[in-house]
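**Student:** Line by line, the protein sequences give chains A and B.
All the letters of the first sequence, read from the start, carry residue numbers -3 to 214 under the numbering used here.
All the letters of the second sequence, read from the start, carry residue numbers 9 to 123 under the numbering used here.
By construction, these hints were calculated from the structure, which means they are not laboratory data.
Remember, predicted model here, so these are calculated numbers, not experimental data.
Just so you know, even glycine gets a beta-carbon here, dropped at the ideal spot from N, CA and C.
Some hints could be false.
Said to hold, decoys possible - Partial list, derived from the structure: chain A residues whose beta carbon lies under 10 Å from chain B:
| no. | residue |
| --- | --- |
| 1 | 4 |
| 2 | 8 |
| 3 | 14 |
| 4 | 15 |
| 5 | 124 |
| 6 | 125 |
| 7 | 183 |
| 8 | 205 |
To be verified - Mimicking EDC-like on lysine to aspartate or glutamate, the simulated pairs with C-alpha atoms at most 16 Å apart in a straight line are:
| no. | chain 1 | residue 1 | chain 2 | residue 2 |
| --- | --- | --- | --- | --- |
| 9 | B | 24 | B | 121 |
| 10 | B | 71 | A | -2 |
| 11 | B | 26 | A | 197 |
To be verified - Distance windows between CB atoms, simulated:
| no. | chain 1 | residue 1 | chain 2 | residue 2 | range |
| --- | --- | --- | --- | --- | --- |
| 12 | A | 63 | B | 86 | 23 to 29 Å |
| 13 | A | 22 | B | 51 | 36 to 42 Å |
| 14 | B | 57 | A | 65 | 30 to 36 Å |
| 15 | B | 43 | A | 65 | 34 to 40 Å |
| 16 | B | 43 | A | 214 | 47 to 53 Å |
| 17 | B | 51 | A | 185 | 45 to 51 Å |
| 18 | A | 51 | B | 101 | 28 to 34 Å |
| 19 | A | 174 | B | 43 | 42 to 48 Å |
| 20 | A | 200 | B | 106 | 44 to 50 Å |
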Amino acid sequence: MEIKVMNKVLEANDAWAQENRALLKKGSVLMVNLIGSPGSGKTALLEATLDRLKGKFRPGVIEGDIATTKDAERIQKKNVPVCQINTGTACHLDANLVNSAIQQISADTKFDIIFVENIGNLVCPAEFDIGERAKIAVLSVTEGDDKIEKYPLLFSEAKALVITKMTLHPYTNFNLDQAEKTFRKLNPTAPIYRVDSLKGDGIGPWMEFLSTLREEIK
Amino acid sequence: MHEVSIVEGLISLVEKQKKLHQFSRVLEIKVACGTYNCVSEETLNFCFQTVSKGTYMEKAVIKIHRLPENWSCLSCKSDFVREDKSNDPVCIKCGSTQVVPRLNSEIYLDNLEVE
């Protein structure tokens, strides 16, 4: 006997994602999901961003890693509330895990923006909706401009592309024009920011983008 | 291992179907997913065999088929299913090269073969 079903396999995850959206909407919280390879500079971008948010927005951070609390410790130095999720084996954060993290950090603090730093991976995190307002693709010049084409799902879904480690650009063969061209083929509208998180170059326009996203949800 | 999350989702959907229909064994699980979804049939079956051992699902084989690749044309605003596999796709209606893929990351339980 054959049974026709056609149901979403990740419906349990999607239900949690909707729950997260409702929860964030209630508190007017913007949640962004930073996705990039291990070592692409997600944490450094976050550190540079948090420094510049001081006095403007109340940020919170959810850190996803397979193991260790190293990233959470870096964020803690910025005096920002942070919750570290260690997934052990899973290569992505799912909406259920993020829900418990939101509950945990929101217990006695109010936020304007929650940053989720997803597990370093260009594949799986793109497939799981966690209830974020925007997925942000983080790509460093040392990884190569071909990554956009090789991992198209993330780059097509991203609301912005942040190209990091720009100071190193002259020492690499990363072709910025080619990268932008390839990105545009997948994603005609999302803005592209070229930054160097350690020096602070190019961070301004990225900060304006975050402010605009935050305005949109008010 | 995102395949484990997918297998968990599949198993809970099969269990829902068992409550609706009378069956004692599952023989085949057909899964439909977007072209760019990085799900491997081999890995999915490997995870599934481990998780379903000793249950009415243990004999089931998972088969994946890919959903059509949907594209949108930015010039004439039409949506189309891409059939050519060249590096520079064009709109099948107006011939424009200003086309973008609508990458589908969804995974569906399409149908079940049971007895």
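**Student:** All the hints need checking, so say for each whether the structure fits it.
**Tutor:** Here is what the structure says about each hint:
no.	hint	verdict
1	4	holds, 6 Å
2	8	holds, 6 Å
3	14	violated, 15 Å
4	15	violated, 16 Å
5	124	holds, 8 Å
6	125	holds, 9 Å
7	183	holds, 7 Å
8	205	violated, 21 Å
9	24/B x 121/B	holds, 15 Å
10	71/B x -2/A	holds, 14 Å
11	26/B x 197/A	violated, 58 Å
12	63/A x 86/B: 23 to 29 Å	violated, 48 Å
13	22/A x 51/B: 36 to 42 Å	holds, 39 Å
14	57/B x 65/A: 30 to 36 Å	holds, 35 Å
15	43/B x 65/A: 34 to 40 Å	holds, 38 Å
16	43/B x 214/A: 47 to 53 Å	violated, 37 Å
17	51/B x 185/A: 45 to 51 Å	violated, 34 Å
18	51/A x 101/B: 28 to 34 Å	violated, 52 Å
19	174/A x 43/B: 42 to 48 Å	violated, 23 Å
20	200/A x 106/B: 44 to 50 Å	violated, 31 Å
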